[in-house]
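Make the full structure from the sequences, and use the hints.
Protein chains in written order, with this note's numbering: chain Z, 1125 to 1243; chain D, 4 to 111.
Derived from the structure by calculation, the hints contain no laboratory data. Don't take each hint at face value.
[Unchecked claim] Looking from chain Z toward chain D, a few residues come up when the C-beta cut is under 7 Å (computed):
{"id": "1", "residue": "Ser-1155"}
{"id": "2", "residue": "Gly-1166"}
{"id": "3", "residue": "Leu-1170"}
{"id": "4", "residue": "Glu-1177"}
{"id": "5", "residue": "Glu-1178"}
{"id": "6", "residue": "Ala-1180"}
{"id": "7", "residue": "Asn-1183"}
{"id": "8", "residue": "Phe-1219"}
[Stated by the list, open to error] Computed far set for chain Z versus chain D, every beta-carbon distance over 10 Å:
{"id": "9", "residue": "Val-1128"}
{"id": "10", "residue": "Gln-1141"}
{"id": "11", "residue": "Arg-1146"}
{"id": "12", "residue": "Ser-1148"}
{"id": "13", "residue": "Ser-1151"}
{"id": "14", "residue": "Gln-1172"}
{"id": "15", "residue": "Ile-1184"}
{"id": "16", "residue": "Ser-1189"}
{"id": "17", "residue": "Gln-1191"}
{"id": "18", "residue": "Ser-1218"}
Glycine is no exception: its CB is placed at the ideal position from the N, C-alpha and C atoms.
One letter stands for each residue in the lines below.
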Amino acid sequence: DSGVTQTPKHLITATGQRVTLRCSPRSGDLSVYWYQQSLDQGLQFLIQYYNGEERAKGNILERFSAQQFPDLHSELNLSSLELGDSALYFCASSFRTGSHSGTNTGELFFGEGSRLTVL
Amino acid sequence: AQRVTQPEKLLSVFKGAPVELKCNYSYSGSPELFWYVQYSRQRLQLLLRHISRESIKGFTADLNKGETSFHLKKPFAQEEDSAMYYCALGYNFNKFYFGSGTKLNVKP
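Structure below.
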């Protein structure tokens, strides 16, 4: 068990609605990453947080937002949902601090994902 | 800009046949390359990383800086190798870029 937990595991909602996905990183990991996995587009990077601050942004829609809280858990908010938002949303965490310490890039540890179905 | 290309969306081989999953990258600095695997109904997990230079589950991958490639190879595929494989580029110590993935199907 990698220690990254995501809730809910499954979520079914209607178009136009708003949902919140939650992620708890491994103990001690400061960086949290959100990815979207859909059938046709593979794994798409959405956003990264490090110790509460946004560190990098990928292909994240304006309807989506995220934050990382002081206890390091993160939430991904998806609003005005569309059918095309149906996907598996993964959270991952990394133990690296993000500083240029001269050490190698750390391994990403993934959660089991939250499967969102928009009807 | 950094980029990872996995040209094959689906690769089907027979059990016992050699398999090679291709990965090419584009990055101006010194990259770290990884292969992640996702078995059916399981989370993504690290398979191997180039700095380790090790063989995991019979898989190996060599970083070829001249060809900017990091192809994943296994001499004799097994049915349990069927999974989704992602090549990933690590850079700036905590950033990652994933390829679009290759689904490997090993037929009996």
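Against the structure, the hints:
1. Ser-1155: holds, 5 Å
2. Gly-1166: holds, 4 Å
3. Leu-1170: violated, 12 Å
4. Glu-1177: violated, 13 Å
5. Glu-1178: violated, 13 Å
6. Ala-1180: Interface hint status for Ala-1180 of chain Z: holds (6 Å vs cutoff 7 Å).
7. Asn-1183: violated, 11 Å
8. Phe-1219: violated, 9 Å
9. Val-1128: Non-interface label fails for Val-1128 of chain Z: nearest chain D Cβ at 8 Å, not farther than 10 Å.
10. Gln-1141: Holds, because the least Cβ-Cβ distance between Gln-1141 of chain Z and chain D comes to about 26 Å, which exceeds 10 Å.
11. Arg-1146: holds, 16 Å
12. Ser-1148: Ser-1148 of chain Z clear of chain D: closest Cβ-Cβ about 14 Å, beyond 10 Å.
13. Ser-1151: The assertion about Ser-1151 of chain Z holds, with a minimum of 17 Å to chain D.
14. Gln-1172: violated, 7 Å
15. Ile-1184: holds, 15 Å
16. Ser-1189: It holds; Ser-1189 of chain Z is separated from chain D by about 20 Å at its closest Cβ, greater than 10 Å.
17. Gln-1191: Consistent with the label, Gln-1191 of chain Z stays out of reach of chain D, its closest Cβ about 18 Å off (over 10 Å).
18. Ser-1218: Given that some Cβ of chain D is not farther than 10 Å from that of Ser-1218 of chain Z, nearest at about 6 Å, it is violated.
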